[in-house]
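Respectively, the protein sequence lines represent chains U and F. With this note's numbering as the guide, the letters of the first sequence map in order to residues 1 to 283. With this note's numbering as the guide, the letters of the second sequence map in order to residues 1 to 283.
A couple of the hints might just be wrong.
It does not matter which identical chain is meant; a pair holds if it fits inside one copy or across any two.
[Said to hold, decoys possible] Taking lysine-lysine and the DSBU-like style, the derived pairs with C-alpha atoms no more than 30 angstroms apart in a straight line are: (1) LYS158 / LYS177; (2) LYS177 / LYS258; (3) LYS256 / LYS32; (4) LYS256 / LYS176; (5) LYS34 / LYS176; (6) LYS158 / LYS176; (7) LYS177 / LYS277; (8) LYS158 / LYS276; (9) LYS258 / LYS188.
What the hints contain is simulated information worked out from the structure, not anything from laboratory work.
Letter by letter, the chains look like this.
2 protein chains.
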Amino acid sequence: MSMERLFESVQQKGPVCVGLDTQLSFLPDYLKKKVGTDGEKIFEFNRAIIDATEDEAGCFKLQIACYEALGLDGMRAFSRTLQYARSRGNVTITDAKRGDISSTATQYARAHFSGDFETDLMTINVFMGEDAVSPYYSYLEQNKGVFALVKTSNPSGKDFQDLLVDGETLYERTAKKVSEWGERFIGKSGFSAIGAVTGLTYPEEFERIRPLLPHTFLLIPGYGAQGGTGKDIAGFFKDGVRGVVNSSRGLITAHKGKCEDEHFTDSVRAAVLDMKKDILQWL
Amino acid sequence: MSMERLFESVQQKGPVCVGLDTQLSFLPDYLKKKVGTDGEKIFEFNRAIIDATEDEAGCFKLQIACYEALGLDGMRAFSRTLQYARSRGNVTITDAKRGDISSTATQYARAHFSGDFETDLMTINVFMGEDAVSPYYSYLEQNKGVFALVKTSNPSGKDFQDLLVDGETLYERTAKKVSEWGERFIGKSGFSAIGAVTGLTYPEEFERIRPLLPHTFLLIPGYGAQGGTGKDIAGFFKDGVRGVVNSSRGLITAHKGKCEDEHFTDSVRAAVLDMKKDILQWL
Numbered sequence: 001m002s003m004e005r006l007f008e009s010v011q012q013k014g015p016v017c018v019g020l021d022t023q024l025s026f027l028p029d030y031l032k033k034k035v036g037t038d039g040e041k042i043f044e045f046n047r048a049i050i051d052a053t054e055d056e057a058g059c060f061k062l063q064i065a066c067y068e069a070l071g072l073d074g075m076r077a078f079s080r081t082l083q084y085a086r087s088r089g090n091v092t093i094t095d096a097k098r099g100d101i102s103s104t105a106t107q108y109a110r111a112h113f114s115g116d117f118e119t120d121l122m123t124i125n126v127f128m129g130e131d132a133v134s135p136y137y138s139y140l141e142q143n144k145g146v147f148a149l150v151k152t153s154n155p156s157g158k159d160f161q162d163l164l165v166d167g168e169t170l171y172e173r174t175a176k177k178v179s180e181w182g183e184r185f186i187g188k189s190g191f192s193a194i195g196a197v198t199g200l201t202y203p204e205e206f207e208r209i210r211p212l213l214p215h216t217f218l219l220i221p222g223y224g225a226q227g228g229t230g231k232d233i234a235g236f237f238k239d240g241v242r243g244v245v246n247s248s249r250g251l252i253t254a255h256k257g258k259c260e261d262e263h264f265t266d267s268v269r270a271a272v273l274d275m276k277k278d279i280l281q282w283l
Numbered sequence: 001m002s003m004e005r006l007f008e009s010v011q012q013k014g015p016v017c018v019g020l021d022t023q024l025s026f027l028p029d030y031l032k033k034k035v036g037t038d039g040e041k042i043f044e045f046n047r048a049i050i051d052a053t054e055d056e057a058g059c060f061k062l063q064i065a066c067y068e069a070l071g072l073d074g075m076r077a078f079s080r081t082l083q084y085a086r087s088r089g090n091v092t093i094t095d096a097k098r099g100d101i102s103s104t105a106t107q108y109a110r111a112h113f114s115g116d117f118e119t120d121l122m123t124i125n126v127f128m129g130e131d132a133v134s135p136y137y138s139y140l141e142q143n144k145g146v147f148a149l150v151k152t153s154n155p156s157g158k159d160f161q162d163l164l165v166d167g168e169t170l171y172e173r174t175a176k177k178v179s180e181w182g183e184r185f186i187g188k189s190g191f192s193a194i195g196a197v198t199g200l201t202y203p204e205e206f207e208r209i210r211p212l213l214p215h216t217f218l219l220i221p222g223y224g225a226q227g228g229t230g231k232d233i234a235g236f237f238k239d240g241v242r243g244v245v246n247s248s249r250g251l252i253t254a255h256k257g258k259c260e261d262e263h264f265t266d267s268v269r270a271a272v273l274d275m276k277k278d279i280l281q282w283l
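Just chain U, with the same shape it has in the complex:
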């Protein structure tokens, strides 16, 4: 089961999720100058980062938008990156935030849990309610997992997620629903195959969400470029690591201004180790 594998990977390698939200401008000069399509260069960049960090990374997350933006060539790079990372035993998360009616969700589940774009776990948007989530259940019974958006890391997340419904915020209401849907899928680690996305940029809200998600593993965006720090997460992890913390730009652009050759991954690896230390010091 993918969520169990992620939990084990985090126990072994630590809670850093390396976000491969790769954009062409992030590439070191030597890769930019290589012969090949943009997608081929991006795949080489991703492969080099996977090779250099996989022993310290709990998992890799791919933001599919960065690949969609490059059209078919980008989708090829997306597919190749997932296949490469998984072939080496790494756990992958596709950050797609898909959300649609039942018949469409069935197509999205098929898209991301089989075939060219197969991943271990994916993010989903649950704004359309449980029938937008249930098409994923048959995959959860097999070996896949999802992370449902509960509280996002962006400033405008509050436009809707913080609205009060019967004295509780919408994100608390969402957390309760996600926890309830997940009860059927609790594995031997104690965590469900339905995880949750909760942004690190609003640490005080972690305390409100925490008791609502007793068996929910978290994907936590917002570290680094978005302003979150290891200290912000300390309270949430006080009983042990219950999630994986993503950083994308903060890690995969760590070489910018420093190194434009094959050794660029030294900077990326150092950034992964720094982030891991920053989080683990609070545990």
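Dock chain F against chain U, hints included.
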């Protein structure tokens, strides 16, 4: 501007949006038996439907999930279908319901408003608030448009969208925000480049949404296979056509059990004409 073009197209050809949510099982036998990849066959199916219905269809909507489900081959069919439909002057909507933080939304806007997957209009999920919407603005100032999810057509939509916030439902609150964001982008037709998705399956809610969206053109799913009828929409269109009504399975599987050869499009065209008549009789 795409929303103006859609409005004009609907005035000319009527309010039927043909949903190309194509699945392999929908294809007539003669196409299934052809040499080629699944994606190639799906493109041929779509092309035949576009040729047979474009003089009666206000626009074409592609549900991207159906194409993602077929991997790279499917994405190629998706790209070819959009290019074909647009090259003939049709207005296209990509039903992607993307929603993400600002930097990611920028990538999605680029993905769907330029390059291989270029479309005229796309659906977006606004659950993450205005900074998930604003990256689309520069495209709206040029010639593109978006439809924001306000009230979806699925039964579980009520799980969150119907929750009461200060005495009004979340979908009413969302409608107000969408209308407010759209004020900057009102064109000469009186409609904004920010439209809204409001499902047809809950007609009584149209009456509540109507006054909140004075300058918002609608994309209305839920007709046909999901249970909506022309009568359900009559109240909303009482001052003239203010949206486009989508049907997918109800139209593009109209030939099933009747015709499995090249003439399958006769049934699809007849279904489009029936739907158009069913809606226009109430105006």
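LYS177 and LYS277: within-copy, between-copy, both or neither at 30 angstroms Cα: neither (34 angstroms within a copy, 42 angstroms between copies)
If the cutoff is 30 angstroms on CA atoms, where do LYS158 and LYS176 land: within, between, both or neither? Let me know, please. both (18 angstroms within a copy, 16 angstroms between copies)
Intra/inter-copy verdict for LYS158 and LYS276 if alpha-carbon distance must be at most 30 angstroms: within (29 angstroms within a copy, 41 angstroms between copies)
Since the copies are identical, ignore which copy is meant and state whether LYS258 and LYS188 lie within 30 angstroms (CA to CA) inside a copy, between copies, both or neither. neither (45 angstroms within a copy, 51 angstroms between copies)
Up to 30 angstroms between alpha-carbons, please classify LYS177 paired with LYS258: within, between, both or neither. Result: close neither inside a copy nor across copies, 46 angstroms intra and 44 angstroms inter.
30 angstroms Cα cut-off: does LYS256 pair with LYS176 within a copy, between copies, both or neither? Intra 42 angstroms, inter 43 angstroms, cutoff 30 angstroms: neither.
For the identical chains here, do LYS158 and LYS177 meet the 30 angstroms Cα criterion within one copy, between copies, both, or neither? Both: 19 angstroms inside a copy, 13 angstroms across copies.
At 30 angstroms max between alpha carbons, let me know whether LYS34 reaches LYS176 within a copy, between copies, both or neither. neither (50 angstroms within a copy, 50 angstroms between copies)
State whether the alpha carbon distance between LYS256 and LYS32 is at most 30 angstroms within one copy, between copies, both, or neither. Within one copy, since 13 angstroms is at most 30 angstroms while 51 angstroms is not.
Against the hints set out earlier in the document, violations occur for numbers 2, 4, 5, 7 and 9.
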